[in-house]
Amino acid sequence: MIVIATSSFIVRKGLADIIKELYPAKKIIGVGFAEELEKLRNQHTIALLLVSAEILSNVNLSSFRNIQTIKLIDFRPDYIEADSANSELLFLDDTETSILHILKRNLALMDKNSSGNKSDSILSDRELDIVREVASGNTNKEIADKLFISTHTVITHRKNITRKLGIKTVSGLTVYALLNKLIKMGDSL
Amino acid sequence: MQIKKEMKMADAIHRNYLLLPVINRLGIQLGFQDKTIEKVCLKQNVDVEFFLTILNAYLDTNDKSSKQLQAHSVKDVVSYLLKTHSYYLERIIPEIENRINLLIQHSQLNKNEFLLVKNFFEEYKKELYGHISLEENFVYPYMIEIADAYHSKSLSKTLEDKINSYPITSYEKEHSDIEAKLFDLKNILIKYLPTPNDSYIRNRILMELFTLEQDLNDHSRIENRVLIPKITQMETALIALKK
Ligand SMILES: [Fe+2]
Ligand SMILES: [Fe+2]
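So the sequence lines, in the order shown, correspond to chains V and U. FYI, in my numbering the residues of the first sequence are 1 to 189. FYI, in my numbering the residues of the second sequence are 1 to 243.
These aren't lab readings, by the way, just hints derived from the structure by calculation. Everything numeric in this text was worked out from a predicted model, so none of it was measured. Hints should not be assumed to be uniformly reliable.
Stated by the list, open to error - Restricting the straight-line Cα-Cα distance to at most 27 Å, the calculated cross-link-like pairs of lysine-lysine (BS3-like) are: (1) V:Lys20 x V:Lys71; (2) V:Lys71 x V:Lys27; (3) U:Lys5 x U:Lys39; (4) V:Lys184 x U:Lys118; (5) U:Lys118 x V:Lys164; (6) V:Lys181 x U:Lys153.
To be verified - Covered stretches of chain V (in silico footprint by chain U; criterion: 3 or more residues with CB under 8 Å from a CB of chain U, positions within the stretch not fixed): (7) 106 to 112; (8) 159 to 171.
Beta carbons: idealized from backbone N, C-alpha and C, even for Gly.
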């Protein structure tokens with residue numbers, strides 16, 4: 001999933017719309033607080049993170065080190081410090097062309113990075129979400145509430161997951177999720 | 001083609017080697033020269049008709065073989081099933097466990113991956129043990145009690161209460177649960193553990209699991225299609241006795 005983390009609603013909404021147009025297939029989630037971002041990070045695989053400086057300064061940086069990141073900067077400053085390999089700066093006051101250029105390049109890079117994972121799993125993004133939740137020990141009802149879908153839909157997803165993976169039990173799904181790094185050790189029961 | 005008593009015992013094994021532990025449970029050990037099934041059974045004091053029915057039910061899973069088994073006494077069928085239980089507990093499960101332990105020794109998996117497999121198998125084992133002990137402590141004794149009452153045509157008040165509160169059909173659905181984890185474990189080993197340099201150890205585990213699965217299927221089939229219908233009939237007949 002792609003995560004846009006900034007307290008500015010207008011920036012979240014704007015970036016989400018632009019990315020949706022450039023790359024309709026991927027799930028985009030917007031968060032406004034550092035705590036929300038940390039929570040997402042623990043439960044999901046973030047393929048691309050667009051994050052404002054004020055949120056970034058409030059999270060535990062080390063757990064975000066491996067994520068492909070675009071830092072959102074309000075104004076282009078006079079002096080820019082050198083940045084780490086998988087992180088890049090996007091100036092919100094930049095021109096349309098260069099903003100689109102940076103986004104496109106990062107989306108392509110994200111695709112390349114995740115193509116390994118992606119082709120390994122025959123599950124859809126939504127089904128992967130469900131596997132994560134099941135493996136973390138949530139009931140169908142809890143999953144339904146959390147993902148804003150009906151219990152019936154959760155059950156349908158679970159049937160499809162079982163058919164696709166050839167795994168019937170909750171413990172089996174947990175092993176699958178851990179082996180495929182959908183969740184981390186300690187997230188499961 | 002059915003296995004017949006005129007056939008050589010060795011040929012039955014050549015037909016399907018999975019019959020090896022089956023004939024052992026029925027009381028036949030290897031080394032039977034070129035004797036026919038009938039001769040071997042006679043010599044070892046094994047009921048040849050029962051022997052043939054069990055073997056044929058193993059090879060041929062249709063309803064006809066279940067019908068044939070229903071003709072035999074509940075006691076005989078139960079005592080065969082008890083022997084398959086001890087075969088699972090004493091032989092197969094420890095064997096699979098040993099092989100799973102080889103996965104870490106030969107560094108096929110890292111520690112976390114190994115623990116995932118090991119714990120998963122541990123859970124499966126617990127379920128299987130629980131299932132077996134439920135059967136041995138409650139289900140089988142109940143079946144024998146029903147069969148005895150049926151043959152002596154007398155129904156005690158306590159047995160009548162048991163029939164009404166826990167008829168044999170209430171145990172039926174237990175079996176699907178036991179199969180699910182075994183099924184998952186196979187797919188984890190086949191598909192989802194990281195690719196090893198050499199699959200030999202994993203193959204061996206898988207072969208054991210497939211064999212166990214086939215044996216368990218036969219076992220559950222006997223419970224579900226032979227014993228449960230038979231006991232249900234007896235329960236109905238016993239209750240009718242009171243009216
Ligand atoms: Fe059993
Ligand atoms: Fe059973």
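Here is how each hint holds up against the structure:
1. V:Lys20 x V:Lys71: OK: Lys20 (chain V) and Lys71 (chain V) at ~19 Å, within 27 Å.
2. V:Lys71 x V:Lys27: Given pair Lys71 (chain V), Lys27 (chain V) holds - Cα atoms ~19 Å apart, limit 27 Å.
3. U:Lys5 x U:Lys39: 8 Å, holds
4. V:Lys184 x U:Lys118: 18 Å, holds
5. U:Lys118 x V:Lys164: It holds: about 24 Å lies between the C-alpha atoms, which stays within 27 Å.
6. V:Lys181 x U:Lys153: 62 Å, violated
7. 106 to 112: violated (count 0)
8. 159 to 171: Per the Cβ count (6), the hint holds.
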